[in-house]
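Novice: Spelled out, the chains give:
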Amino acid sequence: MAHLAHYRESHPLPFVITHWINLVGFILLIFTGFYIHYPFFPNFMSQARGVHIFFGFVIVINCIFRVVAAFFIKSAPAEGTRTVETDIHSWLPQKGNRHQLGAWIKYYLFIKKTHPLGAKFGVPQKISYGLIPFLILFMGYTGLCLWAPAQQVGFFSAGITLLGGLAGVRVWHYVFMWVFIIFIFIHVYLANIEGLSPTFMMFLWKEHPGLTYDPETGTITGYDDLGGSAPKTEAAPVAK
Amino acid sequence: MTRSVIDPISRIEGHLRIEMEVTNGKVTDAWASGGLFRGMELVLQGRTPTDASYIAQRVCGVCPVSHCHAATYAAEDMYGITIPNGARLIRNMVECSQFLHSHILWFYNLYALDFVNPINALKADIADTASLAVAAGTSGADFAGVANRLSAFAENGQLSIFTGNWFDATVGGSAAYKLPAELDLIATTHYLEALRYQAEASQISAALGGKMPHIMSSIPGGTTFVPTEDKLGDIYYRAKEVRDWVKGTMLPDTLAIAPYYLDEFTVGHGPGRFAAWGVFDKASMDPAERYLPSGMLDVNLNLTDPDETKFLEYIDHSYYDGTGGLNPREGVTKPLYKDYDVKDRYSWTKAPRYDGKTYEVGGVSRMLVAYKRGVKDVVTYVDALADVLKKAAPAVFGNASEKDLLLALDTTLGRAAVRNYETLYVADLLVSLTEELITALKEGDASTFTEHGTGNGEGVGMWEAPRGALYHFERVKNDKITAYQEIVPTTWNVSPRGADDTPGPIEEALVGLTVDDPEKPIEALRCVHSFDPCVACSVHVSEPATGKQFNTVTSPWGVR
Amino acid sequence: MTTEESTISPLQARLDARGVSRRTFLKFCVAIAVMAGLGKAAAPDVAQALEKSTSGKLLPVVWLELASCSGCTESTAQVTTPDIASVVLELISLNYSETLSAAAGVSLDKARTDTIAAGGYVAVIEGAVVRGWDGNGLRIGGMKGTDLVKETCEKADAVIAVGSCAVDGGWQAGYPNPADCCGVTEFLKAEGISVPIINIPTCPVNPDWLVAVLVDYIMLGKLPELDDKNMPSLIFGESIHDNCPRRGHFENGEFVYQFGSVEEEKGYCLYAVGCKGPQTYAKCPITRWNESISWCVEAGSPCIGCANADPTRTTRNWVDTMTPFLKRQRNMRIGDLYFQAAPVAATVTGIVAAALVCHGFGMKAAGRTKGGADFEPIRTYDAKKLKQAGKEAPTTPINEGNVEKFTKGGDE
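Residue numbers (numbering that gives the first Met the number 0), protein chains in the order written: chain A, 0 to 239; chain B, 0 to 559; chain C, 0 to 411.
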């Protein structure tokens with residue numbers, strides 16, 4: 000067993016905040032969305048709609064901010080290192096994980112016994128994170144199509160016609176919410192199945208000791224105990 | 000020997016073509032052809048029984064309520080539920096108001112123009128008209144105003160719906176339109192009034208069903224209409240208004256016009272066999288006990304209960320692939336258009352037979368069955384009408400047997416007369432049903448809905464539309480319709496020939512009629528109108544499995 | 000007839016003859032003015048224009064019934080302000096109508112061809128165009144229905160498609176569209192006939208809207224303002240939901256969940272039993288039906304969305320896009336199989352969740368749940384490159400226990 004040290008540089012504070020907003024927004028949107036789809040208990044409709052519409056805007060704005068910020072804010076391109084570069088690089092294919100899709104799939108199918116070395120995100124992760132902003136924008140767009148004040152605006156009414164009328168838009172909006180739910184399941188699972196330290200990092204901004212990694216050479220360079228306790232094994236750590 | 004063709008037949012619902020062979024001025028053979036195929040049963044496939052109650056009624060804009068109710072009864076039969084008292088009363092009331100609307104509109108606005116000449120009304124003397132109205136016991140009105148309005152209309156030179164009329168047609172060499180100008184003016188005045196009262200009758204349907212045509216409230220389990228004293232008070236007022244008009248205007252008009260056209264009580268006989276499935280449930284929900292009960296009358300007017308297993312639909316002369324007849328439950332039909340040929344296939348309508356024979360359906364059938372079942376008011380009305388005939392034409396009907404007198408109602412004008420009495424019966428019924436519902440509401444016996452689970456199995460709805468017996472059948476799996484069938488009134492009446500080449504009721508009724516001008520066969524037109532054909536819903540395909548040869552691209556969105 | 004010298008107009012005389020008060024007439028004019036987008040202030044102009052137009056030449060109208068149920072004719076016969084008699088006698092000259100005309104057969108068809116020859120008429124089309132069997136699915140007067148439409152519409156000043164069937168095929172175009180029906184717009188487009196079209200959907204057509212459009216046309220001599228689907232914007236510009244008298248209950252979250260319940264008696268919102276009001280644009284709650292006596296939702300039925308139409312796509316007919324009527328969401332369809340998105344989506348999600356749980360047990364069995372597997376010493380890709388260069392690639396997996404061995408002094 001082994002994992003890389005988790006440094007704050009991999010998830011700078013603004014992104015911890017946007018992640019928090021996403022978490023809260025998604026939960027509220029999914030709950031109120033289900034309620035608006037079918038009001039399974041009485042006396043909550045205007046609240047549900049208010050929350051849904053408000054957080055719909057919040058999520059879309061948050062998403063746009065997150066994407067724009069990726070071009071300005073620097074973050075570590077991998078775990079186990081404090082070197083930083085512009086964040087967008089770790090979204091796009093990196094030197095560190097080119098040609099690795101097969102390796103990752105093999106790893107998760109237990110065909111490959113060892114953990115692939117690579118960038119901050121594995122390849123499947125990267126693909127899904129790359130698509131999520133589009134999904135959010137699509138949900139925002141279809142959501143606005145279903146929102147009466149926007150329906151008459153040409154930009155949205157054209158979309159309504161394209162997607163099969165309002166009844167069709169409802170289905171798109173609804174089905175893609177389930178895509179979100181599936182994404183969240185997989186995301187939460189993969190992030191935590193090998194230990195909860197990524198969650199502590201992401202939400203509490205808490206660093207965690209582990210192996211260090213050099214994204215330049217793509218090799219493990221040692222162990223960082225964060226100046227704390229010794230590793231659980233007998234071998235002495237090597238601080239870089 | 001000439002051919003006379005009326006196509007399109009106007010002032011009916013839907014598209015009907017009548018072709019007749021005329022020899023020496025008499026019709027010797029006739030063919031009725033339904034001109035439209037739409038395929039309602041296919042569209043209902045895969046949808047829920049509740050959706051079917053909304054969609055099925057859209058097969059006909061004249062009697063949507065009846066189709067809606069036949070569909071709901073079929074669904075309730077399948078679910079194994081009965082509707083509560085409030086729903087029964089409300090449905091009866093909607094149905095009543097539709098009957099009133101349909102009968103009034105049909106008699107005055109569709110049928111009467113075969114007998115009444117509004118252009119001739121211009122010659123009327125206003126004072127004489129008023130006194131004639133009093134003498135006839137019918138309601139007066141501002142006859143001068145109507146005359147003014149007509150002359151303004153005539154002077155304008157644009158004839159609107161009277162363009163290309165047949166008012167100059169003849170029957171047997173004498174003028175076909177025989178009413179004196181004053182009576183023409185009275186009838187025309189009431190033509191305009193009727194437009195208002197048919198609308199008022201529809202307003203009762205709309206008050207109970209949201210809108211009319213195509214009501215919204217009757218669904219499997221009962222009705223979505225919640226009765227309140229407020230709404231019922233309004234309905235009660237309107238019901239009485241319509242009833243009073245039917246009693247004070249429609250019936251006297253009928254009796255005033257009839258003496259001028261006594262010949263029409265002797266021609267246009269149908270097959271002499273009558274079928275009614277019954278309409279307007281009593282609390283027992285037994286079709287034989289309905290306010291207008293179910294029953295079959297054979298040629299000797301012997302009464303039996305209808306038996307659904309004796310239905311056969313033949314396609315030998317219809318635009319469907321195959322020959323022979325099948326019970327609607329097993330029906331297999333494949334649309335197959337060929338060129339119109341009365342010797343081969345000539346109609347989109349199928350040929351339904353009961354026990355191998357043609358049957359006539361409609362107002363006259365309902366009234367005769369009710370008469371035979373001893374429904375009190377109906378017996379009174381039919382006897383009264385028979386008396387009128389005896390007095391007006393003693394030479395013809397003076398010594399006629401009861402059977403002959405009853406069969407005199409199955410004629411071109413007899414059908415109209417007896418239907419107008421039915422209108423009065425239904426109008427009275429609507430008033431008393433409204434009273435019953437108001438009482439039930441006060442006593443807390445007006446619940447409107449019975450819940451049901453997921454449906455599986457088969458269900459049949461047998462009911463009556465204003466123009467005759469209506470049958471819906473559905474087979475359901477997991478609340479989805481897998482097969483749907485309709486046999487509608489006009490399918491019986493406008494039926495083409497069956498396997499044995501026996502003509503359908505209208506085809507039979509036309510034989511023997513007088514035709515002077517093959518371009519304007521007015522007597523034949525009157526006869527066809529007397530059946531009040533409603534062709535749209537009579538044409539449909541019965542079994543979906545084979546009919547799907549059209550290019551429809553499928554996708555999960557059901558679109559594209 | 001009233002003479003020129005009389006102090007009241009001919010229209011007024013005719014109104015008087017029918018007992019229609021001036022007040023009722025002006026009320027009607029206000030309704031028309033508002034419907035036509037002129038605002039209430041224009042009512043006197045409307046009255047004046049009406050008086051003028053009804054005393055002159057009437058607008059010739061040919062009313063064609065195609066694949067229809069005659070419901071739109073029936074519905075139009077229910078119009079009360081002005082009543083149908085005024086419409087057919089004093090507003091328009093209805094020269095051809097299978098349901099209302101006195102003539103029949105050849106005489107009736109001649110009325111139609113004469114009107115076409117004279118020109119300057121409006122064609123009202125009720126019902127869908129049947130394209131099946133090369134147009135033989137509908138035959139009128141020995142003619143294919145399709146030819147009849149072509150002939151009648153080609154020379155018309157304007158075509159008014161009344162009812163959902165004429166707009167996009169309506170229920171008759173519902174899957175599997177057995178007679179291959181379509182709307183007038185789609186048919187005329189395919190035939191290359193260009194003529195102004197006004198679409199007035201709903202099943203049946205609301206007569207007040209039709210009359211408003213006719214009056215508007217007669218009065219101003221031009222079509223009303225139309226949206227991108229050629230529907231009058233003022234009629235189809237607001238959703239039923241937004242004008243619904245039960246909207247307050249919606250906002251409060253007060254719903255009917257079951258017919259026959261207490262909630263139903265209280266007149267709560269029908270959203271939970273599938274009301275299509277939020278996705279249907281039409282003025283039903285304001286115009287209402289049958290002399291405004293009621294409308295669908297007032298009768299306790301959820302809106303079934305019959306105003307939804309797309310004139311160029313028959314597959315978007317309201318029956319296919321709105322069923323099941325009592326469910327919140329439309330059915331999707333693959334072939335003959337109808338299904339709801341919700342159970343399918345939930346099932347797929349459930350399968351994914353179950354797969355993740357299984358995978359989790361696998362991860363546990365593989366000992367990866369406490370920190371993951373050991374790292375590969377070198378990326379597979381780099382190892383390959385080393386091999387190509389003829390060098391030996393390291394093979395021992397790295398973990399916290401042996402990391403020192405591999406990292407001290409750089410390489411192994």
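These aren't lab readings, by the way, just hints derived from the structure by calculation.
Do not take every clue at face value.
[Unchecked claim] Straight line, CA to CA, 25 Å or less: simulated DSS-like cross-link-like pairs of lysine-lysine:
hint : chain 1 : residue 1 : chain 2 : residue 2
1    : B       : K342      : C       : K143
2    : C       : K326      : B       : K476
3    : A       : K112      : C       : K326
4    : B       : K371      : B       : K390
5    : A       : K94       : C       : K369
6    : A       : K112      : C       : K265
7    : C       : K383      : A       : K111
8    : A       : K94       : C       : K326
9    : A       : K105      : C       : K265
10   : A       : K111      : C       : K109
11   : C       : K228      : B       : K230
12   : B       : K337      : B       : K309
13   : B       : K230      : B       : K309
[To be verified] Just so you have them, the derived chain A footprint on chain C, three or more residues with Cβ under 8 Å:
hint : region
14   : 68-78
15   : 121-133
16   : 145-159
17   : 162-173
18   : 239-250
19   : 296-302
20   : 350-359
[What the hints assert, rightly or not] Estimated spans, in silico, between C-beta atoms of each pair:
hint : chain 1 : residue 1 : chain 2 : residue 2 : range
21   : C       : E224      : A       : K73       : 54 to 60 Å
22   : A       : F33       : B       : K333      : 55 to 61 Å
23   : A       : K205      : C       : T311      : 56 to 62 Å
24   : B       : K402      : C       : A116      : 52 to 58 Å
25   : B       : K333      : C       : A345      : 35 to 41 Å
26   : C       : T311      : A       : A147      : 48 to 54 Å
Cβ atoms here follow ideal geometry from the backbone N, Cα and C, with glycine treated the same way.
Novice: Next, verify each hint and record whether it holds.
Specialist: Here is how each hint holds up against the structure:
| no. | hint | result |
| --- | --- | --- |
| 1 | K342(B) - K143(C) | holds, 21 Å |
| 2 | K326(C) - K476(B) | holds, 18 Å |
| 3 | K112(A) - K326(C) | violated, 50 Å |
| 4 | K371(B) - K390(B) | holds, 23 Å |
| 5 | K94(A) - K369(C) | violated, 28 Å |
| 6 | K112(A) - K265(C) | violated, 66 Å |
| 7 | K383(C) - K111(A) | holds, 16 Å |
| 8 | K94(A) - K326(C) | violated, 51 Å |
| 9 | K105(A) - K265(C) | violated, 61 Å |
| 10 | K111(A) - K109(C) | violated, 85 Å |
| 11 | K228(C) - K230(B) | violated, 38 Å |
| 12 | K337(B) - K309(B) | violated, 29 Å |
| 13 | K230(B) - K309(B) | violated, 43 Å |
| 14 | 68-78 | violated (count 0) |
| 15 | 121-133 | violated (count 0) |
| 16 | 145-159 | violated (count 0) |
| 17 | 162-173 | violated (count 0) |
| 18 | 239-250 | holds (count 4) |
| 19 | 296-302 | violated (count 0) |
| 20 | 350-359 | holds (count 5) |
| 21 | E224(C) - K73(A): 54 to 60 Å | holds, 55 Å |
| 22 | F33(A) - K333(B): 55 to 61 Å | violated, 46 Å |
| 23 | K205(A) - T311(C): 56 to 62 Å | holds, 59 Å |
| 24 | K402(B) - A116(C): 52 to 58 Å | holds, 54 Å |
| 25 | K333(B) - A345(C): 35 to 41 Å | holds, 40 Å |
| 26 | T311(C) - A147(A): 48 to 54 Å | violated, 25 Å |
Hints 3, 5, 6, 8, 9, 10, 11, 12, 13, 14, 15, 16, 17, 19, 22 and 26, counting from the list given before, are not met by this structure.
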